[in-house]
Structure formats: C-alpha cells, structure tokens
Amino acid sequence: MKINVENLSFEEALEQLETIVRDLEGGKIKLDDAVEAYEKAITLKKFCEEKLKNAQLKIEKIEKSSNGELVLTPLDTTEQ
31 MKINVENLSF EEALEQLETI VRDLEGGKIK LDDAVEAYEK AITLKKFCEE KLKNAQLKIE
91 KIEKSSNGEL VLTPLDTTEQ
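The sequence shown begins at 31 in this note's numbering and counts up by one.
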C-alpha cells in the first residue's frame, strides 16, 4: 500500500505515525495488517524527518556582533 504524504502537515503525519506505533505495540493487529502498517510507518517517518530537516535549515540565531550590530547566523546543530 502506497501512502500519499504530500497533502499531510507534519503534525498530521506524526499523529498517524504515533497511532501506528501504539497499534503495533498493542499487538492486536493481524500479521498482514501489521506489515502494511509498518510500511506506512516507514513512509511517515521519512516524511517527518525530511520536514524537520528542512525546518532546521531555516532556523537561524540572532547574535550581536563585536560592533553591536545584530546579525543572523545559522544555528549550530551541536548546541541543541
């Protein structure tokens, strides 16, 4: 089953992913349905990771330069 994630927001995709994980952890899904749910979860996970990566690239921090001006610099991912 191919899932179309193009029209989902990050929050919608994450909610669907969390639901799938709860269902799988509950162990009440038939094997065929579990395999299909797992494949859907992989697609949703990749989608969410890509959205987060794109958001991270847009994040900048405001710093004060030595001469007192405010400048935007890329957020250092090691600071997170």
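Calculated directly from the structure, the hints in this document are not laboratory data. Glycine residues also receive a C-beta, built at the ideal position from the N, C-alpha and C atoms. There may be inaccurate statements among the hints.
Here are the simulated distance ranges between beta carbons [said to hold, decoys possible]:
hint, residue 1, residue 2, range
1, 89, 61, 53 to 59 Å
2, 36, 92, 29 to 35 Å
3, 42, 105, 40 to 46 Å
4, 104, 59, 40 to 46 Å
5, 105, 64, 53 to 59 Å
6, 34, 59, 18 to 24 Å
Straight line, CA to CA, 30 Å or less: simulated BS3-like cross-link-like pairs of lysine-lysine [as the list claims (entries may be wrong)]:
hint, residue 1, residue 2
7, 58, 83
8, 75, 88
9, 60, 70
Comparing the hints with the structure gives:
1. 89 to 61: 53 to 59 Å: Given range 53 to 59 Å: violated, Cβ gap about 42 Å.
2. 36 to 92: 29 to 35 Å: Because 33 Å falls inside the window, the suggested range holds.
3. 42 to 105: 40 to 46 Å: With a Cβ separation near 26 Å, residue 42 and residue 105 fall outside 40 to 46 Å, so the hint is violated.
4. 104 to 59: 40 to 46 Å: The hint (40 to 46 Å, Cβ to Cβ) holds, given that residue 104 and residue 59 are roughly 43 Å apart.
5. 105 to 64: 53 to 59 Å: Since residue 105 and residue 64 have Cβ atoms about 38 Å apart, the given range 53 to 59 Å is violated.
6. 34 to 59: 18 to 24 Å: holds, 22 Å
7. 58 to 83: violated, 33 Å
8. 75 to 88: OK: residue 75 and residue 88 at ~20 Å, within 30 Å.
9. 60 to 70: Holds, because 15 Å separates the two Cα atoms, which is no more than 30 Å.
Figure legend: structure checked against the earlier numbered hints; hints not met, in rising order: 1, 3, 5 and 7.
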